[in-house]
Structure formats: structure tokens, C-alpha cells
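Line order of the protein sequences matches chains A and B. The opening residue of the first sequence carries number 24 in the numbering used here; numbering runs sequentially from there. The opening residue of the second sequence carries number 24 in the numbering used here; numbering runs sequentially from there.
Certain hints may be false.
In this list, chains with the same sequence are indistinguishable; a pair is considered to hold if it fits within one copy or across any two.
Unchecked claim - Cut-off 25 Å, straight-line C-alpha distance, at most; resulting in silico cross-link-like pairs (PhoX-like, lysine-lysine):
hint, residue 1, residue 2
1, Lys275, Lys251
2, Lys301, Lys25
3, Lys275, Lys103
4, Lys55, Lys288
5, Lys300, Lys70
6, Lys208, Lys300
7, Lys275, Lys288
8, Lys203, Lys301
9, Lys70, Lys25
Think of the hints as simulated: they come from the structure by calculation, not from any bench.
Protein chains: 2
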Amino acid sequence: MKQYTVAVLGATGAVGQEMMKILSERNFPVGKLIPLASARSAGKTLKFRGEDVTIQEARDEAFEGVDIVLGAAENDIAQKFAPAIVKAGAVFVDNSSAFRLDPNVPLIVPEINPEDVKNHHGIISNPNCSTIITVTAVNALNAISPIRTMTASTYQAVSGAGAGGPIELMNEVQALGHGKTYEPKVFSHQIAFNLIPQIGGEQFEGYTSEEMKMQNEGRKIMHLPDLKVSCTCVRVPVVRSHSISVSLHFDKPISVEQAREAIAKAPGCKLVDDLAKKQYPMPLDTSDQDIVFVGRIRPDLTDDNGLCLWCCGDQVRKGAATNAIQIAELLIEKA
Amino acid sequence: MKQYTVAVLGATGAVGQEMMKILSERNFPVGKLIPLASARSAGKTLKFRGEDVTIQEARDEAFEGVDIVLGAAENDIAQKFAPAIVKAGAVFVDNSSAFRLDPNVPLIVPEINPEDVKNHHGIISNPNCSTIITVTAVNALNAISPIRTMTASTYQAVSGAGAGGPIELMNEVQALGHGKTYEPKVFSHQIAFNLIPQIGGEQFEGYTSEEMKMQNEGRKIMHLPDLKVSCTCVRVPVVRSHSISVSLHFDKPISVEQAREAIAKAPGCKLVDDLAKKQYPMPLDTSDQDIVFVGRIRPDLTDDNGLCLWCCGDQVRKGAATNAIQIAELLIEKA
């Protein structure tokens with residue numbers, strides 16, 4: 024079996040670390056792994072398959088001979104190195120939002136639009152975390168009748184802000200437990216025992232960048248150019264796994280039974296929907312695994328063609344690292 | 024000034040205690056305060072205006088000579104004592120849901136439908152906590168153009184489950200901090216660092232009792248018999264203050280500017296809406312006070328006649344105790 028040289032750009036961050044773990048878990052055919060990070064981290068080692076690998080500085084030359092670059096860095100880093108990656112003949116599977124809406128760049132959730140991968144020109148984007156979880160949950164319904172509008176309110180875990188998010192939450196909880204205060208650095212406000220209804224900066228008509236991703240990326244992934252989405256993104260004091268309360272209006276009515284059946288069969292989804300038995304998706308239950316849990320499926324009382332549901336998924340795994348490696352798997356299947 | 028004999032039914036609970044505090048804070052003309060509770064608590068004392076008052080057992084005879092009974096007990100207790108309260112000639116301002124939808128019982132938010140108070144026959148209901156906060160936030164918009172549909176996702180604090188809620192949250196946080204687990208008693212699942220998307224039992228088409236209150240009580244308070252509401256109620260690890268993400272569709276379009284202006288002027292509301300300055304309602308900021316904060320006002324991208332907003336309010340105060348005492352104030356104004 025062919026072995027691939029894989030670089031992880033931003034290997035020291037939360038998503039980069041998870042990518043390395045999942046490459047190993049899923050037995051991705053890695054011949055050589057190259058962790059790339061800033062000059063500050065170069066020379067240090069990270070563990071991969073139980074062995075030490077040395078971090079190299081991310082520089083244009085570092086991509087020579089690489090087959091696949093998994094991007095776990097911010098937009099500016101992704102933009103800086105994309106030309107060198109493409110020039111080196113590697114494929115860049117990028118988790119940043121830099122190229123997601125570029126018409127020359129496929130935006131892939133492998134359970135939904137795997138065929139789009141063939142249209143790449145060296146760059147494939149990994150979608151936004153909340154968007155991946157939501158579209159994975161609703162795609163089987165879209166296959167029954169196209170989604171016209173979606174209203175989503177998110178409940179996003181602190182680890183969505185990177186490795187510093189959970190540390191800040193725990194530091195605040197501890198400080199408050201001792202009657203002290205803790206000056207927030209990662210978030211704009213205290214997140215312990217609080218909610219922050221802002222993720223990202225203002226982008227469009229009072230919506231944040233994070234909120235607009237649900238519409239703009241949802242359109243591209245589900246091939247629904249006219250999809251309209253109103254999203255409200257809220258940071259909650261949960262360590263891991265994002266949850267989303269979703270209302271969907273379809274072209275034609277879909278019954279709750281149809282919806283349950285479709286979601287139970289949908290790849291990447293698990294139906295957890297028994298209110299009487301107090302069973303529904305909860306972030307504690309969806310953490311450290313790859314499946315999106317879907318429940319609370321019921322008619323939307325505001326629209327005859329509507330359904331409401333609640334979904335949760337691990338945003339570091341399915342919402343980022345696992346989805347990127349699934350894309351890499353598509354690449355080598357088609358190779 | 025006339026002084027009133029006021030009984031608090033369920034005086035030892037979180038809402039009963041808050042009612043006693045707010046009666047004192049607002050200088051309600053209490054001649055005599057009678058805290059009522061179960062036989063178990065009878066004989067113990069509570070503080071009112073700095074003085075000890077003795078808890079009496081809630082019995083039919085206890086209501087003789089009482090002018091106003093503030094109900095802070097569960098439905099079964101409210102139902103049990105309502106006949107004796109009415110027979111004694113007192114007015115029962117009841118925080119339970121037992122009588123809220125009874126056509127002979129006004130359901131009042133004093134900023135919205137104070138005139139309904141005159142239709143009482145001895146019982147006036149205090150609405151559901153999330154409903155009070157939401158309708159207080161949106162009523163000024165309803166006055167511009169009637170609301171046709173509302174989609175709401177709640178983020179409800181643990182104190183909404185009574186005094187035991189915050190204790191359980193803190194016990195769980197402490198146990199987890201020491202690597203231990205804590206068996207939940209108040210909630211069905213761990214609430215620390217988790218979300219529970221169920222409040223109340225199943226009532227209608229997969230919706231819980233708590234979720235249906237937003238529609239059924241909203242209709243009655245705002246005099247909108249055809250209002251359609253889809254609500255998703257979620258318990259979050261916040262100590263106090265409920266938050267609600269709301270999408271509203273109106274008869275006619277309302278601009279964001281109109282909405283901001285109306286909410287800034289609305290009684291009981293404060294406009295906190297400056298995303299660029301990271302200013303928006305947060306539960307930490309709305310706790311221990313009576314005003315509903317409203318922000319994140321923006322066009323609903325799924326409907327030309329729609330708006331989205333985010334609101335927070337202290338559900339023990341404005342969502343329960345303060346609203347009940349405002350109703351009592353209406354009663355004595357009209358007396």
C-alpha cells in the first residue's frame with residue numbers, strides 16, 4: 024500500500040494535535056509525518072504513533088516532497104503558505120476559513136459531498152465546526168425535500184477557541200470557588216457560569232463571521248445556493264462538543280417519523296431521541312468520538328413544512344480534525 | 024396609607040424567599056406578613072425587614088383575614104389552597120402554572136397587559152419565567168406590528184429548578200475538580216459543563232410543558248390568539264438569569280433601527296446592543312436586578328418581515344418574584 028508524506032501545519036494547536044492522534048487512530052497510511060509550527064516551537068518533539076517526531080519551522084521549503092498538508096492554522100498562515108504548498112505539488116486540506124468560499128476550492132463534508140473533492144486545484148477546505156455538525160445532522164432531511172430556510176442557535180464549547188479555552192474556563196471556575204476573580208484573556212468576558220453571545224467579529228447586518236458561515240458554507244456543502252440561514256452563535260461553559268438548536272423549513276412537509284428514519288440511517292449520525300426516557304443528545308455524551316447525535320425531532324409549530332431538532336457533536340474531532348482526515352482519505356481513495 | 028396582610032405560600036423556597044426580599048425592597052405596604060409552608064417548617068422563623076417572622080403551616084384556615092396571597096408553591100399546592108384563598112376573600116397571585124390558561128384567570132406581565140388584572144375572580148397567575156423575560160423583550164415590537172410566529176431557543180439557569188439547582192451545579196463542579204463524580208438528584212443528568220435539552224415532561228407533539236408555555240402563555244399575555252411559537256428549552260450551567268435567542272416574524276417589516284428605538288423606550292427593558300464594543304446581554308450582568316436586557320437585534324435573514332434578537336433576565340426576580348409583586352402593586356393601585 025502506498026505510504027504518504029503528511030505535514031500538519033499548526034501541529035502544536037488543539038486541532039493539529041487531534042489531527043495527529045486521528046491519523047494514527049484511523050491507520051492513515053503515513054510514511055512520514057512532518058509537524059510544522061512557528062520557529063518558536065521548531066526543534067521540540069511531539070509524539071506520533073508512540074514515537075518522537077521533531078517539529079520543523081513552517082517555511083515555503085518545508086512542503087517539498089510532501090503529499091498532503093493538513094492545515095490547522097489561522098487564516099493568515101494558511102494564506103501565506105498555500106502558494107508554496109500548491110507549487111510543491113501537495114494537496115492542502117485546510118481547516119482555516121481563508122479559502123472556504125473560493126469557487127476553485129471544494130468545501131467538503133465527506134458524508135455529504137465527497138464527489139466535490141475531484142474539483143480541487145491543490146486546496147480543499149474543511150468547513151466551520153458548527154456548520155459541519157449541523158449539516159451532517161440535517162443532510163438526510165435535505166435529501167427528502169430541499170431545505171429552504173434554517174434558523175439555528177448554537178451552544179458552543181470553550182475548546183472551540185483552541186487549547187486556551189478550557190484552561191481559561193477551569194481557571195475561572197477555580198478562582199470563583201476561592202472567592203477570587205480571574206481576568207479573561209481568551210474570551211472577552213467571564214465564561215464560567217455565563218454565556219457570551221458573540222463568536223467572531225461583525226460581518227454582515229449585525230451577524231458575526233461565525234454566524235454567517237452557517238449560511239454561506241451550508242449553501243456550498245449541500246449545493247443549496249438559495250438556502251437562507253439565520254444563526255445566533257453563543258459560547259457556553261461546556262468544555263467540548265458544540266450543540267445546535269435548529270428549525271428547518273423544507274420545500275415539502277417531512278413527517279417526524281420520516282425524519283427519524285432518515286437520520287437513523289444517515290452516515291455520521293446517531294438518532295438519540297426518546298424524551299420519555301430522557302434520552303437526547305448532550306455534549307458530555309458526544310465528546311471524544313466522531314458521530315453527530317440528533318434528537319428532539321418534532322414538527323415546527325410555526326410552519327407546516329418545518330421540523331425542529333437538536334444536535335451535538337465533538338467540534339475538535341468531527342467539526343475539525345476527523346473531517347479533515349476523512350477528506351484526506353477521499354483523496355487517497357481517488358488517487 | 025392602607026397596609027395589607029400578605030401571605031407567602033411556599034415561603035421557604037427560592038421564589039418565596041425572593042418575594043419576601045422584594046416586598047421589603049419595594050416598600051410594599053405590608054401590615055402583616057405571614058410566611059406559609061409545610062408542617063415540617065412551621066414554627067421556624069424567617070427574616071422580613073430585619074425581623075423574625077414565624078412560619079405557619081399552610082392550611083385552609085391560614086388565609087382568613089389575608090388580603091393578598093403570593094403563591095410560590097407547586098401546582099398541586101396551588102390547586103389545593105386556591106378555593107380557601109378565594110373563599111377567604113384574598114387575592115391569590117400565583118406563580119404556579121395551575122391556573123395560567125384558565126379563561127377566568129388573568130395572566131399578567133404588568134409592563135404588557137396591566138388592564139387584564141381587573142378581570143380577576145380571586146386568582147391572578149404569574150407567567151412562566153422564560154415567557155415573562157421573552158415577552159417583556161418583544162412586546163414593544165409587537166406594538167409596531169403584530170408578531171405572527173416566534174422561534175425561541177432558551178439557555179436556562181439552574182436556579183430555575185429551585186434552590187437545589189445551584190447547589191447541585193456547585194457540588195458537581197467541586198466533585199469533578201477532585202476527579203470524583205456526583206450523582207445528580209435535581210437534574211436528570213450532570214449539568215456541570217453540560218447542557219440538558221429537556222425542561223418539563225412531554226406535553227404536545229414532542230414539545231415539553233416548558234416549551235409549550237412560550238406559545239400558550241405568550242398568546243394570552245400579548246392578546247395574540249393566533250401566535251405560533253416553536254420553542255426549545257435547554258438547561259445550561261449558569262447559576263442565575265435565563266437567556267433566550269429569538270426569531271420573530273411580524274405582519275409587516277420592522278427595521279432594526281425602529282426595533283432598537285422601541286426597545287430602548289420599552290418599560291422593563293434595557294437596550295444593550297453594540298457588537299463592535301462587545302456589549303450584549305449576558306446572564307452575569309442581568310442577575311439580581313429586574314430589567315430585561317435586549318441586544319443582538321438584526322434582520323432575520325430567512326424572512327423579510329423578521330428580526331432576530333437575544334435577551335437575558337433574572338428569572339427568579341422579573342421571571343417570578345418581582346413580576347408577582349408588580350401584580351400585587353397593580354391590585355392595590357386599583358383598590
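Structure-based check of each hint:
no. : hint            : result
1   : Lys275 / Lys251 : both (16 Å within a copy, 19 Å between copies)
2   : Lys301 / Lys25  : neither (47 Å within a copy, 51 Å between copies)
3   : Lys275 / Lys103 : neither (45 Å within a copy, 48 Å between copies)
4   : Lys55 / Lys288  : neither (36 Å within a copy, 64 Å between copies)
5   : Lys300 / Lys70  : neither (42 Å within a copy, 42 Å between copies)
6   : Lys208 / Lys300 : between (41 Å within a copy, 16 Å between copies)
7   : Lys275 / Lys288 : within (21 Å within a copy, 41 Å between copies)
8   : Lys203 / Lys301 : between (37 Å within a copy, 24 Å between copies)
9   : Lys70 / Lys25   : within (23 Å within a copy, 78 Å between copies)
Checked against the numbered hints listed earlier, the structure breaks hints 2, 3, 4, 5; every other hint is satisfied.
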